[in-house]
Each structure stands twice: as structure tokens, then as C-alpha cells.
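One-letter residues, chain by chain:
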Amino acid sequence: MEILYSAMALFLLLTLVAGLWRVLRGPTAADRMLAAQLFGTTAVACVLLLAQAIDSPPLRDVALVLALLAAVTAVAFVRRAWLPVDQNHVAD
Amino acid sequence: METVTLLQSAFDLVLGVALLWLVWQALASPDLFRAIVLFIASGLLMALVWVRLDAPDIALAEAAIGAGLTGALLLVALARLESGNETKISHKNDNEVEAPGVAEKRVPFRWLLVTLLLFLAVGLGYAVLSLPAQSPGLSDYVTQNIKISGVSNPVTAVLLNFRGYDTLLEMAVLLLALLGVWSLSAATEQREASPGPVLDMLSRLLVPLLILVAGYLLWAGAHAPGGAFQAGAVLGAAGVLLLLTGWRPGASFSGLPLRITLVMGLGVFIAVGIVLMLTGRRLLEYPASFAGMLILLIEAAATLSIGITLAALFLGSRPGTGANR
Amino acid sequence: MSLTEILTFILLTAGALFFLAGTVGLLRFPDVYTRLHALTKADNVGLGLVVAGLALQAESWAAAGKLLLIWVLVLLAGASVAHLVAVAARQRGIKAWKQ
Chain A
1 MEILYSAMAL FLLLTLVAGL WRVLRGPTAA DRMLAAQLFG TTAVACVLLL
51 AQAIDSPPLR DVALVLALLA AVTAVAFVRR AWLPVDQNHV AD
Chain B
1001 METVTLLQSA FDLVLGVALL WLVWQALASP DLFRAIVLFI ASGLLMALVW
1051 VRLDAPDIAL AEAAIGAGLT GALLLVALAR LESGNETKIS HKNDNEVEAP
1101 GVAEKRVPFR WLLVTLLLFL AVGLGYAVLS LPAQSPGLSD YVTQNIKISG
1151 VSNPVTAVLL NFRGYDTLLE MAVLLLALLG VWSLSAATEQ REASPGPVLD
1201 MLSRLLVPLL ILVAGYLLWA GAHAPGGAFQ AGAVLGAAGV LLLLTGWRPG
1251 ASFSGLPLRI TLVMGLGVFI AVGIVLMLTG RRLLEYPASF AGMLILLIEA
1301 AATLSIGITL AALFLGSRPG TGANR
Chain C
2001 MSLTEILTFI LLTAGALFFL AGTVGLLRFP DVYTRLHALT KADNVGLGLV
2051 VAGLALQAES WAAAGKLLLI WVLVLLAGAS VAHLVAVAAR QRGIKAWKQ
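Chains A, B and C, in that order, are what the protein sequence lines are. The first sequence runs 1 to 92 under the numbering used here. The second sequence runs 1001 to 1325 under the numbering used here. The third sequence runs 2001 to 2099 under the numbering used here.
One or more of the hints may lead you astray.
Stated by the list, open to error - Label pairs and their in silico Cβ distance ranges:
id : chain 1 : residue 1 : chain 2 : residue 2 : range
1  : B       : Trp1247   : C       : Gly2093   : 23 to 33 Å
2  : B       : Leu1124   : C       : Val2024   : 34 to 44 Å
3  : B       : Leu1020   : C       : His2037   : 27 to 37 Å
4  : C       : Thr2004   : B       : Asp1054   : 24 to 34 Å
5  : B       : Asp1166   : C       : Thr2034   : 49 to 59 Å
6  : B       : Ser1183   : C       : Ser2060   : 45 to 55 Å
7  : B       : Pro1197   : C       : His2037   : 14 to 24 Å
8  : A       : Ser56     : B       : Val1128   : 19 to 29 Å
9  : B       : Met1201   : C       : Gly2093   : 23 to 33 Å
10 : B       : Pro1132   : C       : Leu2056   : 41 to 51 Å
Claimed, not checked - Here chain A is said to cover these stretches of chain C; the calculated rule only asks that three of the stretch's residues, wherever they fall, bring their Cβ under 8 Å from a Cβ of chain A:
id : segment
11 : 2016-2023
12 : 2047-2056
Just so you know, the hints here were simulated from the structure itself, not pulled from any lab data. For glycine and all other residues, C-beta sits at the position ideal for the given N, C-alpha and C.
In isolation and in its complexed conformation, chain A is listed as follows (with noise of 0.2 Å):
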């Protein structure tokens, strides 16, 4: 089972790798925090791996704490950061 775990821990980041390229591209400040939620997300879902994997309960509250977190940067960006620049991209 620890195979399992482990091969899709490095799956899943190797997925966050290759989402790093929508946060370099943008173009608009939305895609690159968007990007950074889905990171955030995805690590969620590996530490709860590594937690299976080594058995280390305790790594679970890490995974919780950094879904928290995720949630208030994000606020922190759509209520604070977002400046209204006048942004008329239509596509990529």
C-alpha cells in the first residue's frame, strides 16, 4: 500500500510542477491565484498521502491547517489585491 501512496504523492506533484506554468503565464492576477489555490489544494492531498504513508497522524492537522490557510490568502487576494485595473483580455 505504501507504493500506492508514495507513487501517487509524486504523481500529484509532479501535476503542481506543471501548473506552475499557469502562474508564470497569467495573464490575468485571477489565473496565477487560481493556480496557487489548486496548489494548495493538491498539497493538501499529498501531505494526506505522506501522512498514510509514514504513518504520522499528526500530519493530518498539517493538511487541515493548510486548507485553512489556503481559504484566507485567497480572500486576502479578491478583497485587497485585486486592483481594478481595467483588464479586457478576452482569451489566452
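Since the structure of chain A is already known, use the hints to place chains B and C on it.
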């Protein structure tokens, strides 16, 4: 090599390379917003690194402070910078090219820097590689003395008991940081847009949950990964979320009660130390029978202070005490 | 392999596929709104399947409960944030992609 070890080593390799690349991109990005998002992503990967290094306490702190709160702080700071300068956030400057004349003036300086950095990297690599493979450090001493420390989590024992003095000074540093930020400006009468129903509902559900998780981490810190800083950071996140919905502490709280809460962590720490010295012991030398209780007391006060300090740092300016409200 | 292990394998693999789909959507879809759509699929279903698979292997009911709590949290936060971002994007005049 066993398949599991192979997979985990591959995981570590991808993680390390991705982290290095991310941090480089964050530093080299001409667009500040992009740099901040990359920084948040690198904070997430850093939390994964701590998980892989078998350090859940630090992973908790990194997840709460490094990825979450610092990211939010940086976003707000950027927003204030931008609104002050009336400049647009540029999203298209992916490949900024310097004028050739400017670049050439800097070339010799750059080569000097590169050489120095290379020396530093080689030196660090040599130092790391020459470390003994298994080096328990002081963990044996900690394990031997854990029973008189009052807690069973060795990290908390070190932070709050064996090296409690360091933690006391860290609390003072946090307070000083807040004083520094507060000395910059007083609160402006900024009207925040009203939260829509979605944000309202989200904050109503998340804030109590965050406070609950903070309390859980505080309690669990005695026997499992957790502790005052992690709990304080989660509590700070609750405060940040509240502030983002437009809530502000009432005028009656913003004066003395706020300041008392802020110094409470450091104050309780110092008070405990002084009382112990008055009873004939050294500073912060807890009697074994009371150690657990004292640690919990100090941690509780510290959690509250850290949480409110972080939220106050997020708010930025000194809150008004009623005169300018 | 026992039944729960087979079940866990299936659930985890399905979850991984959804995460992959979410990332591919994030990279390939043409505008913010569609990318949000892809992202929330990974959040909700992907993580849900992973959590379901792991909950089967959890060592106690409390542990499974914690896993479930994490999923519900991500569900709630993800959906709310997606809504907030979409509304804010509309307000800032980001147009939806039209064929």
C-alpha cells in the same frame, strides 16, 4: 532499492528542484504580483519539505505563517504600494530586456558576484557533505530529561522549557515589529466594501473553526505537534479573515484592552520568570510538578498575543481609539 | 489484497485522474471562468476521492472524521473563493471566452 524508497527519493528530488526553481523565479520576476504568488507557492512546497524531513511542528508553522499569513500580508502591502503610486500592475512584462548600455556597465560587477556566490555555494556544499551521517545532537539529552519538562512533545519541551528564554525573546521581537509598524501611521478612515453573502457565510463558518483549530493546536502542543506559535498563527488567520470582511474592533477595545492583550504573552512569560526567581530558582526554571501547568499558561497567553499581533500587523496602521472614528 | 485495499486503490487512482484533469484544465482552458471550473473539479471530486480512499485505511473513526472534515472544508472554501473570484472578475470587465 526498495520501490517505496525510490518513489520517496524521486518525490524529494522533484520537490527540491521545483522549490529552487520557484524561488529563483520569484526573485527574478519583474512583476511583483507574480513574485508574490510564486512566493506563496514556494511556501507550500516548503511545508511539504518539512513534512518530508519529519518535522510536523515546523510544517504546521510554515503552512500557517509562511504560505498563508505572509502571503496575505505581502498581497495587502503590494495593494497599498500600487494604490499609492497609481501604477498599473503589469502582467505582460514576462521578458524584460534591459537597454544594452546599462547591461554592459554592470557586467564586471555581475561576474564578481557570480564568483563570490559560487564560492559560497561550494563552501556550503562542502560543509553539509562533511557532516557526520548520523548526528543526534542534543536529542538524547532531551529524551532523557523529557519527564521533568512537563510535556511529552520534545519540540515543545525545548521551546517552552529548556530554551524558554529564546522563546521569550522571540515574543519581544514580535512585539517590537508591531510597534515599528504602528509607529508609521495611524488608521485612516477607509471604507471597506461590504462583504457579499458568500464572503459573509464563509467568514461566519471559517472564523469560529479557525479559533477552534487554534485552541486544538494549543492543547495538542503538549503531546503532539502543535504549540503556541502554530496556534497563534491560526488565530491570527482568524483575525485576518475577520478584518477582510470589513469588521473592525470596536473603539472601546482598540485602546487599552487591545494593548493589554498584545503584551499579555510576553508579560506572563516574564512574570512567571520573575516569580520563579523570587522563590529561589533560576529564571524560567520550572519546578517539575508545576511545569506542565506553567507551560500551558504561558502558551495560552502567548497564543492570544501572537494571534492578535499578527492580525494587527495585517491591519497595518495603529487603530484609532475613538477620537478619529 | 483485501477488498478495502482494492477499493482504496480504485478511489485513489480516480482521485489522481481528477487532479490531473484539473491541472490540464488550468493550463489549457481559454479564460479565467473556465479555469475556475476546472479547478473546482479537482478540489471537490479529486480531493473527495482521495479522502474516501484514505478514510477506508484510516486507523480510527476519529482519523476518518478528520479526513472528512478537511474535505468539507476544502469544498466550502473552494466553492466560496471560486464564486468570489468569478464575481470580482466580472466586475473588472474580464470577458468570457466566446468561440
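- Of the hints given before, which are not true for this structure? none
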